[in-house]
Amino acid sequence: MNDRWRYLLERLIQAAVCVWGVSVIIFCITHFIGDPVQLLMPAEASQADRLAYQQALGLDKSAFERYIIFFANVLQGDLGQSYRFNTPVLALIWDKFPATFELAVAAIVFAIIVGVGSGILCAIRPNTWWDHCFEWLSLSGMAAPTFWVGIMLIMFFSVELRWLPTSGRSGLASLVLPAITLGWYSTAVISRMTRSTLLETLETDFIKTSVLKGAPSHIIIFKHCLKFMLPTLLTIISLQFVTLLAGAVITETIFSWPGIGRLLIQSAYGGDYPVVQGITVVCSIIFVLIQLAVDVVQFFLDPRIGHRQ
Amino acid sequence: MTLLNLRSANLKIQITLFVLIVFVILGLFGAWLAPYDPTQQDLSQALAPPFWHAGGTTAHLLGTAPLGQDILSGIMVGAQVSLLVSLCAVALSGLFGVFIGLVAGYRGGWVDTVCMRVADIQLSIPFILLAIVMIGAMGPKLSNVIFVIAVTNWVTYAKVVRTETMRLRERDFVKSARVSATPTGLILLRHILPNVINSIVVIATLDIGKVIIFESGLSFLGLSVQPPTPSWGAMLADGRKYISIAYWPSMFPGIAIFVVVLCFNFLGNFLRTIWDPQSKH
Amino acid sequence: MQTLLSVANLQTHFETPQGVVQAVNDVSFQLKKGEILGIVGESGSGKSVMAQSLMRVVPESNLSKISGEVYFNGIDLMTLSPKQMQNVRGSSIAMVTQNPSTSLNPVFTVQDQLLETLKFHPQQKFKNPKERMLQLMTEVQLPSPELIAKRYPFQLSGGMKQRISIAMALMCEPELLIADEPTTALDVTIQAQILELIKNIRNTHGTSIIFITHDLGVVAQLCDTVGVMYAGQLVEYNTVEEIFKHPRHPYTQALLASNPVFGKKQTSLKAMKGQPPQLTQLGAGCAFADRCEQALPLCHHTKTDLIRLENHYHHRCSIPTLSGLPSL
Chain A
1 MNDRWRYLLE RLIQAAVCVW GVSVIIFCIT HFIGDPVQLL MPAEASQADR
51 LAYQQALGLD KSAFERYIIF FANVLQGDLG QSYRFNTPVL ALIWDKFPAT
101 FELAVAAIVF AIIVGVGSGI LCAIRPNTWW DHCFEWLSLS GMAAPTFWVG
151 IMLIMFFSVE LRWLPTSGRS GLASLVLPAI TLGWYSTAVI SRMTRSTLLE
201 TLETDFIKTS VLKGAPSHII IFKHCLKFML PTLLTIISLQ FVTLLAGAVI
251 TETIFSWPGI GRLLIQSAYG GDYPVVQGIT VVCSIIFVLI QLAVDVVQFF
301 LDPRIGHRQ
Chain B
1001 MTLLNLRSAN LKIQITLFVL IVFVILGLFG AWLAPYDPTQ QDLSQALAPP
1051 FWHAGGTTAH LLGTAPLGQD ILSGIMVGAQ VSLLVSLCAV ALSGLFGVFI
1101 GLVAGYRGGW VDTVCMRVAD IQLSIPFILL AIVMIGAMGP KLSNVIFVIA
1151 VTNWVTYAKV VRTETMRLRE RDFVKSARVS ATPTGLILLR HILPNVINSI
1201 VVIATLDIGK VIIFESGLSF LGLSVQPPTP SWGAMLADGR KYISIAYWPS
1251 MFPGIAIFVV VLCFNFLGNF LRTIWDPQSK H
Chain C
2001 MQTLLSVANL QTHFETPQGV VQAVNDVSFQ LKKGEILGIV GESGSGKSVM
2051 AQSLMRVVPE SNLSKISGEV YFNGIDLMTL SPKQMQNVRG SSIAMVTQNP
2101 STSLNPVFTV QDQLLETLKF HPQQKFKNPK ERMLQLMTEV QLPSPELIAK
2151 RYPFQLSGGM KQRISIAMAL MCEPELLIAD EPTTALDVTI QAQILELIKN
2201 IRNTHGTSII FITHDLGVVA QLCDTVGVMY AGQLVEYNTV EEIFKHPRHP
2251 YTQALLASNP VFGKKQTSLK AMKGQPPQLT QLGAGCAFAD RCEQALPLCH
2301 HTKTDLIRLE NHYHHRCSIP TLSGLPSL
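Protein sequences appear in the order of chains A, B and C.
The opening residue of the first sequence carries number 1 in this note's numbering; numbering runs sequentially from there.
The opening residue of the second sequence carries number 1001 in this note's numbering; numbering runs sequentially from there.
The opening residue of the third sequence carries number 2001 in this note's numbering; numbering runs sequentially from there.
Simulated from the structure, these hints should not be mistaken for laboratory data.
The C-beta atom is built at its ideal place from N, Cα and C for all residues, glycine as well.
Don't take each hint at face value.
[Claimed, not checked] Facing chain C, from chain A, some residues (calculated, C-beta under 8 Å):
hint: 1; residue: Thr201
hint: 2; residue: Asp205
hint: 3; residue: Lys213
hint: 4; residue: Arg304
Pulled out of the complex, with its shape left as it was, chain A reads as follows (with noise of 0.2 Å):
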């Protein structure tokens, strides 16, 4: 049991140095290929401001010095003062996180559902017209930029149909298009992935060991199959909504949804550096953190994970 533990102990370091290793790249940027003064500061700072903020960064010291002054501050939660609202970096993505993670969950939901669904539907049933057709549509799904499809939608379904709100968050029914936006390319990796993961596991000994016991189909494929394709399954999902997060930026601004996406952009647009900068630290953290989840989880669902052969 001792490896084990040790695999785990493994994982949360290296976790640690992603991190970490995010704030040094962050740094970089903005300090480096950036100045940092401009770049932090509102346009019309007065030159005394600057003076201070320089003296506040420390841009005298050395850069190691500076470095440790910014990781501090992130530690801390200090983000810097958004300057467009006058308010810390934090407590506005604190405000508009849920938004996010509500269109993100919903997203990555329709994706798992319609895409793991698909995917099995085509592997029982290989080659067949609609295996073709969803293959097809996969296709379609990973080449189609997420921008045209959410206009694409908003005028079929909002302008001409009218069924559905063009924007906005109120309500169940304004998440349904950013959602299926925000998931139509997830969608489609999950759907082809399973399928074929699926295919690959009807074709192992151990499968055929189950249709030699005398196991019913729905057995077979729901519990001796998926539990043995849970991992990799696992793996492309988190994954996907990973990718999902970042997506939203783009969902987000065609939407008008009120998340950190929005928030970014118009933050990009306004030449408000600091929440830039902020959101793509506590985002990066995120991930981290999401992908350390997983490794966990994926930990406890298959035994063979951590052991030294």
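Let chain A serve as the given structure and place chains B and C on it in line with the hints.
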């Protein structure tokens, strides 16, 4: 593949290659082939519908944009940005990624660990966030966009090449080259690289489509080339405000992106099936 | 002794781009209760496909066809619906396959997989499923059954996994056990133990066994009757004594001649010339004709006769007099 599949596969590939050749021609010569200058505004013709609708003329086959610019010309000239960014970014990220992958895979040890840690850290930052942060710091220019995409995209190449290199390193022909004191660079170039090149080309082909979508996403958000240079993403953004009255400014550039990316994906999958005999499904 | 299994004219064909593969070509035999039948043949002779055809686990599609009659306890298995056949598998007829390392599901414990078999066949009422499981695990000579039951397959050795596969097959007291090369992937010492185990199963439970192997030595130790397969056909089928003392088919004779005999000094082994034929290119004549030392020109284009002996035993040859016994 049964005979039926083979014939329809052939047709698919022919259409795909045709579309991609048209794309490349437009990317290179679009500015001369386009019927109008896409930045030329003609307010009297603002939002004219495509020629098959009432009120449309054959002068503007696909209709006009909010300020009267010809959409067909916009699509033809906009191909340039997409082609340029995708080819340059994929080439740069591919070169860098392959190099890192070869070195990390061949050397192993701490070199490998460091490279992979850096890759993981980079993957932790969502591309679009990294792009916005970098463009925010550097300013929205074509060269910056290429740089940003190249810098964030190398990881896939590195990982695949590294795995392949580690596998090939143990093969006899590589071992015999090492024993005969062949310099490392030559081993990598002559023995290992030719064996990984197939995988690299497949990934690169699929990547081009991905990068075209990235770039058009960035220009949709206004973070790529600035007007008046036309780009497909920006055209979509322009047309967005008018979707309740005019679908064509948003729909046609989107179709262009969709078709081109779909073809690159087909090509990539096709190459994968002919080069990797193990992929049955 | 009652007849448990009666196979008549079993044929399994596959359509491939290269042509029709006659994997199992007109195979007929019988099996009594408590009898151990050995099926011998090289790789590609069709032995595994035949076993799969009996269990009807050959992938059924437009490209594969199984025909013939397989009477098990008086019922033709070929006429059963998929659901009915599913009930038969694992309860009345069970099978153990070749690869112990990949035959068990890696994400379920040994216990889960063993007890599952009982759940699929609720008609077998065992009062205490767990008791039964432990009892069978002891019978297949697994050490510390309670500990092993909680383990995952990857934590066990090849020999242990194969024993578990055997225990799993026996969970519902099957009347027929098909063992498809169960010892091929194991060490010789473990092989001996497994063979002993199988013999005990027949002796204790009266289970009929079809034992598929390429090893003549195993057949000599274990089996009551033997069927020799070549290119999809049963070229000889007789009791084990007759096969070894009076082999009638030239292939059987060649097989026996090419095996080293313990204690006999031989300067060289008598190898069979040639290669087994491509199953898509079988002509009208005898499939063994190209390699047969006693072949006559007519063997290459005359269909082989079925030369019947007593008790459904038979062999195939285009030259009836070769066997020394006239056809009945």
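- Does A:Arg304 pass the interface hint, meaning its C-beta sits closer than 8 Å to a C-beta of chain C? 6 Å, holds
- Message: A closest beta-carbon separation below 8 Å is what the hint needs, so does A:Lys213 meet it against chain C?
- Response: 4 Å, holds
- Closer than 8 Å between Cβ atoms is the bar; does A:Asp205 clear it against chain C? Give me holds or violated. 4 Å, holds
- Query: Can the hint on A:Thr201 be confirmed by a CB-to-CB distance to chain C that is less than 8 Å?
  - Reply: 10 Å, violated
Going through the hint list in order, the structure does not satisfy hint 1, though it satisfies all others.
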